[in-house]
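Take 1 as the starting number for the sequence shown in this note's numbering and just add one per residue.
If you're looking for bench data, these hints aren't it; they were derived computationally from the structure. One should not assume that every hint holds.
[Said to hold, decoys possible] Just the calculated beta-carbon pair ranges, DEER-fashion: (1) Arg102 / Gln207: 33 to 41 Å; (2) Gly81 / Gly146: 34 to 42 Å; (3) Asp193 / Pro34: 18 to 26 Å; (4) Pro22 / Pro63: 12 to 20 Å; (5) Ala90 / Asp192: 32 to 40 Å; (6) Glu148 / Ala59: 34 to 42 Å.
Remember, it's a predicted structure, so these values are computed and weren't measured experimentally. Quick reminder that beta carbons are idealized off the backbone N, C-alpha and C, glycines included.
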Amino acid sequence: MTGAVAAPRVVVITDAALCPIPEMLARASAIAAPTIRFQIREKALDGGPLLAFARDLIARVRPAGAEVWLNDRADVALAAGADGLQLPEAGLSLADARAIARGIALGCSRHSPEAASDAARAGADVVQLGPIWATPSKLGLLEPLGPEALGRFRGRSALVAVGGIDSPERAREAAAAGADAVAVIRAAWISDDPARMIAALVSAVEQR
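Working from the sequences, and respecting the hints, build out all of it.
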């Protein structure tokens, strides 16, 4: 599972509905590190505000060595100078995204190990697989796959487990099952001590 793009240990997905943008920026500054990737997923933001947020986030976290990726919006990712573009399952194909977003890494989000493996074979630098456990963001939409699904992934792309990873114990279990990194939302944006929580998750992944 060693792809062309090195995996971080923790991918922090933004959620302005859970945490206002000014507070997200402050928290992001506190947790930014080379082991962290921020993934902007803000469907409610139009292009202008989304670009402004992306630029602000990059300015805050890139000096600390953290990457910033955007979901779905190749135009905004390129304009902001993002490190990567994450493609949802119903979004652009890898081939189309590669033609548009030259020079940045490409990831795919998938909801079965088979689809994740297909994305890896198609050339995705990173594949997110989930939900591994039940999560509020997918409640009633997708059934949890369970950590054993991570072991059924086949490919050289970096594998990121997503969904319900709200503790170091679950992060460790996901890594032991085959994930290179774990993606979180609530652990970063509603934790009383986000720096401590994210550090614990990084340590858990590294202990696999």
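Worksheet item: Between Pro22 and Pro63, does the beta-carbon spacing fit 12 to 20 Å?
Response: Holds: the Cβ-Cβ distance is about 19 Å, inside 12 to 20 Å.
Item to complete: Determine whether the Cβ-Cβ distance between Glu148 and Ala59 falls within the hinted range of 34 to 42 Å.
Response: holds (40 Å)
Worksheet entry | 34 to 42 Å as the expected CB spacing between Gly146 and Gly81, which holds or is violated | holds (38 Å)
Worksheet entry | Distance restraint evaluation - Asp193, Pro34, Cβ atoms, bounds 18 to 26 Å | 21 Å Cβ-Cβ, so the 18 to 26 Å window holds.
Worksheet entry | Satisfaction of the hinted span 33 to 41 Å by the C-beta atoms belonging to Arg102 and Gln207 | Given a distance of about 37 Å, which is inside 33 to 41 Å, the answer is holds.
Worksheet item: Quick one: are Ala90 and Asp192 within 32 to 40 Å, going by C-beta?
Response: holds (36 Å)
Hint compliance for this structure: no hint is broken.
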